[in-house]
Amino acid sequence: MRFKLRPSDDAFYEFFSKAAANLVRGTELLNELALPGADVQSISERLVEVEHDSDAITHELYKKINTSFITPFDREDIYRLGSLLDDVMDHLEAVGSLLYLYGLTKLPSLPREVHEIVDVLDQQAKLTAAAMPRLKTMKDLSEYWVECNRLENEGDRAYRMLLVRLFSGEYDALTVLKMKEVADELEAACDAFEHVANTVETIAVKES
Amino acid sequence: MRFKLRPSDDAFYEFFSKAAANLVRGTELLNELALPGADVQSISERLVEVEHDSDAITHELYKKINTSFITPFDREDIYRLGSLLDDVMDHLEAVGSLLYLYGLTKLPSLPREVHEIVDVLDQQAKLTAAAMPRLKTMKDLSEYWVECNRLENEGDRAYRMLLVRLFSGEYDALTVLKMKEVADELEAACDAFEHVANTVETIAVKES
Amino acid sequence: MRFKLRPSDDAFYEFFSKAAANLVRGTELLNELALPGADVQSISERLVEVEHDSDAITHELYKKINTSFITPFDREDIYRLGSLLDDVMDHLEAVGSLLYLYGLTKLPSLPREVHEIVDVLDQQAKLTAAAMPRLKTMKDLSEYWVECNRLENEGDRAYRMLLVRLFSGEYDALTVLKMKEVADELEAACDAFEHVANTVETIAVKES
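Chains as they are written, first to last, in this note's numbering: chain A, 131 to 338; chain B, 131 to 338; chain C, 131 to 338.
Hints are computed from structural coordinates only; laboratory data are not their basis. Some hints could be false.
Put simply, identical chains are the same to the list, so a pair is met inside one copy or across any two.
Unchecked claim - In the DSS-like style, the derived pairs of lysine-lysine whose C-alpha atoms are separated by at most 25 Å in a straight line are: (1) K266 x K148; (2) K148 x K194; (3) K193 x K269; (4) K266 x K193; (5) K194 x K336; (6) K193 x K148.
This is chain A alone, in the form it adopts within the complex (with noise of 0.2 Å):
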């Protein structure tokens, strides 16, 4: 018999993959959310429920970091890792809340950067996803955090001729006001989803 020196090990890779699938399954909540004529309030209900289920799996992560006696990688990068995709969902589901709260959807559309947005979120979600799994190996990881930043730009292009467009006239004051909220959560997704990117980096720096 082989002596199994990391048992735990894919439990922990399976909490990451988890999380990051269920980041696709808010972007494409997101993306329901911006199309004219819908659900709101049931799609936005929905985004709370997936960030509830992301709140249980980083939760059952620290558990299982707490109660491991050996991990796949250091015990605080496991912890940061999971901190930071759980980060994303808080934003994708302040995005869905405050398009609700603010009454925002009941405009005849929204700006086309919101939707060019919602996007790179949708994309960084699935290569996120699509990551994840790769951790256990370590390899071809750099294709996703290079991409995962370009994506980042894209969406920081994006932000800001949302902010030009905000600023130009065409909203009243205290639309701009509201628009300019759930801008600032997009980006802040953006941003969320970079943060794990460069985590992950970190990471396979450290493990290289």
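Position chains B and C relative to chain A; hints supplied.
Just chains B and C, lined up with the frame of chain A:
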């Protein structure tokens, strides 16, 4: 004579306890400030003094880290915890200064949600102050961070409802902008308490 | 022949020095930009170029970390310091782009406090550039981080007075919103310089 392995332990715990006790003074001053008819200038000046106290405690702590051969837990964690406790105070002081600088206390009353968030902060401060001495044994800390996170969620909800109210058309655009700055600092203070709790959790995970 | 224990040291210090020298170029461009009658488009484009330079330096640094067997201090600290220097540049570039995109330089003059914060940034950049080569000996660094933190406080004060002015009724709501975005990036740049200084302090604490 028994060899004393960690002669400097108590000093570190005392720094954390003093810093957290200072935060309680801070949230109490905010509570006073939010009352109608408060002497805003004088309270805001006392907040600045409390913040200077916090700075002094933090610098003493850093000096202690630099001159200690042995520390009760990782130097960087002590450093981070001290700096995060200081961050909370910065946000508390900012709330007071902005309320004063923007003349917001001249309004007939502050929105109800402002009082709610100040109340959350007060609870977080008291919880944190009660938890700091327990760092010594690392016992009974999980209730603290769970509750501190729950309170942050509560503060977040109140913050969102505050923004809904601010954007409802009840106030003119400039008042909305001023109040939004105060709201952001209040929310940042709630978050900062959560960061303290998360760092305590990380330390406890490492040390366990 | 003497065995050279840390053959790659100098390269790392050169990266930090080059990154910080780039920040000085960035703040000098901001200074030009804030002058009345400046060629805003051309200066803002040069800022984008300087930012690309910073990105290139940061990526070279990361590659160097990945391919070095021995590093002058913790890999993660090198990584973090590089990334924080890069963050400063992102904020400097954002200030330039927003001033240009929002057409704010068409105002008869920018608020006095904008010039004050740009001046603080310029001093922080020069201090940082002078400190980076001293990482090699880890000597005389404490003046740098103390002064950099003091400057951040000065910038913070100017930022607050800028907001008081913006919210005073002197400007229309949309101009306030645009200027607020610029103000936030200026303040984030001051903060980012402080984060660099704090990281240098953390590294010095560890290495001492």
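Evaluated hints:
1. K266 x K148: within (14 Å within a copy, 36 Å between copies)
2. K148 x K194: Within one copy, since 14 Å is at most 25 Å while 33 Å is not.
3. K193 x K269: between (27 Å within a copy, 16 Å between copies)
4. K266 x K193: both (20 Å within a copy, 22 Å between copies)
5. K194 x K336: For K194 and K336, the Cα distance is within 25 Å both inside one copy (22 Å) and across copies (13 Å).
6. K193 x K148: within (16 Å within a copy, 31 Å between copies)
Checked against the numbered hints given earlier, the structure satisfies every one of them.
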